[in-house]
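Given next are the chains, with one letter for each unit.
There are 2 protein chains.
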Amino acid sequence: MKITCSKNDLVKGVNIVNKAIPSKTTMTILQCILITAYNGVITLTSNDTELGIDTIIPGNIEEEGVVAIDAKLISDIVRKLPDNTVRMETDENFMTKLTCENSKFNLVGRSGDDFPYPDDIEKNDYITISQYTLKEVIRQTIFSTADNENNKIMTGELFEIKGDTMKIVSLDGHRISIRNIELRQSYPDRKVIVPGKTLSEIEKILSGEIERTVDIFFTDNNAVFEFDNTIVTTRLIEGEYFDIDRMMSDEYETKMVIEKKDLMDSIERAILLVKENDKKPVIFSISQDLLEIKINSTIGSLNEDISIEKEGFDLMIGFNPKFILDALRVIEDEKISMYFMNSKAPCFIKDDGGRYIYLVLPVNFATVS
Amino acid sequence: MKITCSKNDLVKGVNIVNKAIPSKTTMTILQCILITAYNGVITLTSNDTELGIDTIIPGNIEEEGVVAIDAKLISDIVRKLPDNTVRMETDENFMTKLTCENSKFNLVGRSGDDFPYPDDIEKNDYITISQYTLKEVIRQTIFSTADNENNKIMTGELFEIKGDTMKIVSLDGHRISIRNIELRQSYPDRKVIVPGKTLSEIEKILSGEIERTVDIFFTDNNAVFEFDNTIVTTRLIEGEYFDIDRMMSDEYETKMVIEKKDLMDSIERAILLVKENDKKPVIFSISQDLLEIKINSTIGSLNEDISIEKEGFDLMIGFNPKFILDALRVIEDEKISMYFMNSKAPCFIKDDGGRYIYLVLPVNFATVS
Chain B
1 MKITCSKNDL
11 VKGVNIVNKA
21 IPSKTTMTIL
31 QCILITAYNG
41 VITLTSNDTE
51 LGIDTIIPGN
61 IEEEGVVAID
71 AKLISDIVRK
81 LPDNTVRMET
91 DENFMTKLTC
101 ENSKFNLVGR
111 SGDDFPYPDD
121 IEKNDYITIS
131 QYTLKEVIRQ
141 TIFSTADNEN
151 NKIMTGELFE
161 IKGDTMKIVS
171 LDGHRISIRN
181 IELRQSYPDR
191 KVIVPGKTLS
201 EIEKILSGEI
211 ERTVDIFFTD
221 NNAVFEFDNT
231 IVTTRLIEGE
241 YFDIDRMMSD
251 EYETKMVIEK
261 KDLMDSIERA
271 ILLVKENDKK
281 PVIFSISQDL
291 LEIKINSTIG
301 SLNEDISIEK
311 EGFDLMIGFN
321 PKFILDALRV
331 IEDEKISMYF
341 MNSKAPCFIK
351 DDGGRYIYLV
361 LPVNFATVS
Chain Y
1 MKITCSKNDL
11 VKGVNIVNKA
21 IPSKTTMTIL
31 QCILITAYNG
41 VITLTSNDTE
51 LGIDTIIPGN
61 IEEEGVVAID
71 AKLISDIVRK
81 LPDNTVRMET
91 DENFMTKLTC
101 ENSKFNLVGR
111 SGDDFPYPDD
121 IEKNDYITIS
131 QYTLKEVIRQ
141 TIFSTADNEN
151 NKIMTGELFE
161 IKGDTMKIVS
171 LDGHRISIRN
181 IELRQSYPDR
191 KVIVPGKTLS
201 EIEKILSGEI
211 ERTVDIFFTD
221 NNAVFEFDNT
231 IVTTRLIEGE
241 YFDIDRMMSD
251 EYETKMVIEK
261 KDLMDSIERA
271 ILLVKENDKK
281 PVIFSISQDL
291 LEIKINSTIG
301 SLNEDISIEK
311 EGFDLMIGFN
321 PKFILDALRV
331 IEDEKISMYF
341 MNSKAPCFIK
351 DDGGRYIYLV
361 LPVNFATVS
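Which chain is which? The protein sequence lines are B and Y, in order.
Under our numbering, the first residue of the first sequence carries the number 1, and numbering increases by one thereafter.
Under our numbering, the first residue of the second sequence carries the number 1, and numbering increases by one thereafter.
Calculated directly from the structure, the hints in this document are not laboratory data.
Please note that a few of the clues may not be correct.
It does not matter which identical chain is meant; a pair holds if it fits inside one copy or across any two.
[Said to hold, decoys possible] Below, in silico cross-link-like pairs of lysine to any residue (SDA-like), each with a Cα-Cα straight-line distance of 25 Å or less: (1) K7 / E226; (2) K255 / R110; (3) K322 / S75; (4) K294 / T99.
The structure presented is a predicted model; accordingly, all values stated were derived computationally and were not measured.
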C-alpha cells in the first residue's frame, strides 16, 4: 500500500474510528485501525465486535493495499505531525513507513487478515433525520439506560418508528425518558433496541449540524448510521422492549409549574449533602405557590423555598435528587410542568406538545423528618 | 460566630486554603478549613502539617468565634451558592447555619480545638520579589525535583540568596535545573531547601501578576510567603544541599544552536515510540549544520533531520527524551544553545546571560543502532 493524504484529514478520520477501539480486549487486532486503499478510496475501519466504524478520508492511492496499525500509536503520531502531506508506504511484512516533512517513522503493522469486518448490510428501507436531532435526542435520553448487564434490554434504547414520528425511550427501573421526534415523511413501522454504549459513541461522532443529515438503516440484527463520510454499524439488542404505554398516565392530583433553573440550582445544592452510597432523598413539600425543598443527611441539612404555580392538592414526596437532576439538565424549556398523583406514584415531567416525557419514581421518606 | 461575606470572596478564599488540605490523612481535623473571626478579621486556615495557609477574606463580624468545617463540603457548597451575601452562624455545638438567598444549610462543624495552627514565625529579614517571577521560577525548575522520598533533599529546591541575586536549583540525580533571578536590592546571604510539594501549591495560588509582590521570610525551620491577603508557611528541609558549582563547567567540545520548537516537536514525536518503563534513548547525531534525531523501539523507529549551527566536533549522544523535553518546555528563548563534552559527559542547555542552566546526563546507547 502506498498512499498520501493531508495530516488534518488523517487526524479527523482517526478520531472518528477511535470511538470503536475497545479500551480492554484480549484480541489485539481490535486495538488496531485497519487502513484500506482500494478502488480509489482510502478507508479507516475499527470494530469492537458490537460497534463497527468505517470512515473515508480524501487522499491519493499510488498502490492499493491494506494494513492494520495499533490505534493508540497511530493516533498519537498523526496528532503530533506537522500540518502537511502524510505519506504511508507498507512493505511485504507490513512495516509501514510514515513520512511527513522531515519526520520518518517506521511502524510495525499487521496484515489485518484477522480483522473482523463489520457485517455487510442489505440496505433497503431507511429513515433520514438531521444530525442535530439525532445527537440531541441521544443526549436527552442516554442517561437513563442501565449500566448493568443483568437486564440487557435496559442497557439499550428503543427506537420506534410509527408513520412520521420516531419515539426514543430509555429506562433503568427507576425512571423512564421518552422523546418524540417528527420525521420529514412517513416510514414503515419499526421497533428496534440499539445498545446504549454504541449510541454514546455515535453521539460523539455526529457533527450536530442541523443541515447535515444521517440515514439510519435497520436490519434484523443491525442498525447502520450513515453520515458525512462515515458508516457506523451496530448490533441490535434482541428481545421485546417494555410496554411503555401501560406505564403512562395523563391523570394527576397535583400539578406544579416551576422555573427549571431554580429547581435545578436547588437540587444541585441538595445533592452536595448526599455522600456516595448514602441514599438520602430530597423532599418536595408542595403547597400553594411554594415548593419547599428539604434534605437531611449525616453531614447537614438544607432547606430552600421556590415559588411555583400549583394546581390540585398539597403534596409531600421524596426523590433520588440525581434522577430529577438528570432530567432537568436535558430539558430545553425554561419553565417546566411536573405532574403527581400521590407520594407513592411516579412523577411526570412533560411538555404540552408531547415532545418529551420524563417519569421518575418517588422514594420512601418515612424515616426522615 | 456570626459573619457575613460575599459568596465570591468566600469561594476565592476557600480555593486558596484548599491547597493545603491533604488528600489522605488519618487526622480528620486536617481535612477541615478553620474559619476564625476575631478583631474584625475573618481568616480561613488550612494546614497539612508541612504546609499551612492563612487567607483573610473581607466581611462583617457580628459575633466573634471559630469553627472548623469539612473542606470538601464547604467548598462544594459555596461554589453552588447564588452570587450574593453569605451568612454563617454557629451555635454552641458548632452546628453551622449557612444561608444565602433562599438556601438554608445546616452543617456539622467542629470546635477546631485540635486544629494544628501553623507555627508563629518571627519575621525579621525578608526578600521581596514579583509574584510573576516567583511563579515562573517555580514552574521552570519544579519538574526536576525527585518524587521519591529516599533522598529527602532531592524532593526540595535550593533557594540561595547572595547579594542581589537568588539562585533556585532542583535536581533528581539525572538532571539539574538552575535559575538565577536578580533581586531589587541586596540581602544577607541565605541558603534554604524548600519542599517541592509546597512550592507546587504556592505556584498555583500566586496570581502571576508582575506588579504584585510576595515577601519571603526565612527562619531556621520555616519559610513564609506573604502576598495579597494570604500567608503560606512551609517547613524547610533540613540538611546541606548538593555542591552544584562542582558539577558545572564552561568547557565544551561541541556546541549546537537550534530552534527550540523544531527540537521540541521532534522529541515529542520520538517519545511516542517509547512505551512506559521502556527506557529507549533518543540519539542525537550532530554533524555540520545538521542534527539527526533517531529513536528505535519495539513498536517502530523515527528519523528526523533538523538544521543547526554547530561549533566543534561531530558527536553522537543519547538521552532520555523526557529529560530534554522537560527542559525545553520551560525555556523562554526561541533559539537555544546546547554544549557537549563527549557522549558520556553531561549536556548543558544554557543562555549567555546566565539566567538559566539545564544539565542533563546522557544515557548509554551502545545497544541500539
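Verification of the supplied hints:
Taking the shortest Cα distances, K7 and E226 sit within 25 Å of each other inside one copy (24 Å), while across copies they are farther apart (49 Å). When the C-alpha separation of K255 and R110 is checked against a cutoff of 25 Å, the pair qualifies neither within a copy, at 63 Å, nor between copies, at 42 Å. For the identical chains of this complex, K322 and S75 are inter-copy neighbours only, at 20 Å across copies versus 36 Å inside a copy, given an alpha-carbon limit of 25 Å. Proximity of K294 to T99 under the C-alpha cut-off of 25 Å is restricted to the inter-copy arrangement: shortest distance 14 Å between copies versus 63 Å within a copy.
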